[in-house]
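**Student:** So the sequence lines, in the order shown, correspond to chains A and B. FYI, in the numbering used here the residues of the first sequence are 1 to 265. FYI, in the numbering used here the residues of the second sequence are 266 to 420.
Since the hints were derived computationally from the structure, they do not count as laboratory data. As the structure is a computational prediction, the values presented were derived from the model and not from experiment. For glycine and all other residues, C-beta sits at the position ideal for the given N, C-alpha and C. Keep in mind that a hint or two might mislead.
[What the hints assert, rightly or not] Taking CB as the label site, the calculated pair distances span: (1) A/PRO128 x B/MET385: 49 to 55 Å; (2) B/THR374 x A/LEU259: 32 to 38 Å; (3) B/ARG340 x A/PRO118: 22 to 28 Å; (4) A/ARG79 x B/MET385: 22 to 28 Å; (5) A/TRP125 x B/ARG340: 43 to 49 Å.
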Amino acid sequence: MPEEALSVADQRCMEALQLAGRIIIENGGETYRAEETICRMGRGMGLTQVESFAVPSGLFISYRRADGALETSVKRVHRQGTNLTRIDEVNRVSRSVSAGKMSTEDALSQLRKIESIPGPFSPGWTVPAALLCAAGFSLLFGGGWLEIALAGGIAAVVQLVSLLLQRIHMHWQASSIAGGFLTALLPHLLAWILPAFSLETVIAGAVMPLVPGLAMTNAVQDTMRGDMVSGISHGTQAALTACLIAGGALLSGALLRLLEGRLIP
Amino acid sequence: MITGMLQALFGAFFGSIGFAMLVHAPLRSLFPCGVIAALSYLLYWVLAFLGISDALAVFAGALFGSLSGQWFARRMKMIGTVFLMSSIVPVVPGLGLYRTMALLGQGATAAGAGQGIDAMITIAMISLGLGVGSYLNRLFHAKKNPSGFDFHPEG
């Protein structure tokens, strides 16, 4: 049977559905959300028998065309980072499309804009965000002013290093190892020159911005909806991140023991 | 007691707002994120202070966070992930995991393993709290929405 060319309307529909699903998964969304968004938008566009299957590394979409033929597409997705503002914006577009308040063309044009919005803050703002996060949790763990300031300062330095690693296209695993290493090393080095402070409170506070909170939430959300593949995938990512941070911290412990052995024979 | 409670409240509030900023959460979600996190952690703190087991206190905190997070998500027509993530971050056993690493690094395997198991139980209780909250939410909306579970509870 000869392959029929897709009509422009069909192309636009498929492009919009792919883009919506891709933005959600690329920016750290749950796979069930990508699937539901695709199905709802598809039905809102007037398509029938819309089906979607998403995993953290790809998307499958199919629907029945007006001429009765089944249209299917496969899209490989590469995780970019975490940006919940983009996911929230896709959700807003999806609501409008499924309520019949937005055309396919408008949805596609909005999704293209959403794909490149930076979020409410530029990447540089993540440095003060890490400072606020670590300082807050250091207070929660019972830290005094010195511990709060040190935890915040160290988390800011770690976030700066993480941004530099991202700039030279290093994977997130490198940031986790470097983060764990610096978070455990810097307080010990500062303890040699500063008055006595609680090392444990500073390190526990400074490590909080590195915690894989989103992967944990997604793992639970996907698993509870019966999506075991995505649940296990997100759970493994959370466990791997925790192990890499721990590995970095253990490395710094070994280095410190070496330094202490050389400096204090 | 009051000092400890205030430390817990403000620590969870500001810490969670910082965490939400790190994952580029929408601007209008930041204040609710801080409020949910502070109240969830306060519940955990009060229960732990009253002598209730740590695991049960974590479960209660996570369950409250899950229910209130989904309530905020529906009310503000936003994705629930933002609020759910913020509500669990304060009870994530950062200190326990650090102690596990430190003890294992010093060669104190038995003590490190004990700390590690405690941290794992806490993580399991957080998952259970989030999961039960999600089921309760679906159950409630399945009653309100006769079409059944084909409903997106977090918007």
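**Student:** Assuming the hint says 49 to 55 Å, is it satisfied by the Cβ distance from A/PRO128 to B/MET385 or not?
**Tutor:** Violated, since A/PRO128 and B/MET385 (Cβ atoms, about 33 Å apart) do not stay within the stated range.
**Student:** Confirm or reject the claim that A/TRP125 and B/ARG340 have a C-beta distance inside 43 to 49 Å.
**Tutor:** Roughly 27 Å apart at Cβ, these two residues miss the hinted range, so it is violated.
**Student:** Using the beta carbons of B/ARG340 and A/PRO118, state whether their distance is inside 22 to 28 Å or not.
**Tutor:** Given a distance of about 27 Å, which is inside 22 to 28 Å, the answer is holds.
**Student:** Given the hint of 32 to 38 Å, check if B/THR374 and A/LEU259 actually sit that far apart at their C-beta atoms.
**Tutor:** Violated, since B/THR374 and A/LEU259 (Cβ atoms, about 24 Å apart) do not stay within the stated range.
**Student:** Does 22 to 28 Å hold as the CB distance between A/ARG79 and B/MET385, or does it fail?
**Tutor:** 26 Å, holds
Violated hints, in rising order: 1, 2 and 5; the structure is consistent with all others.
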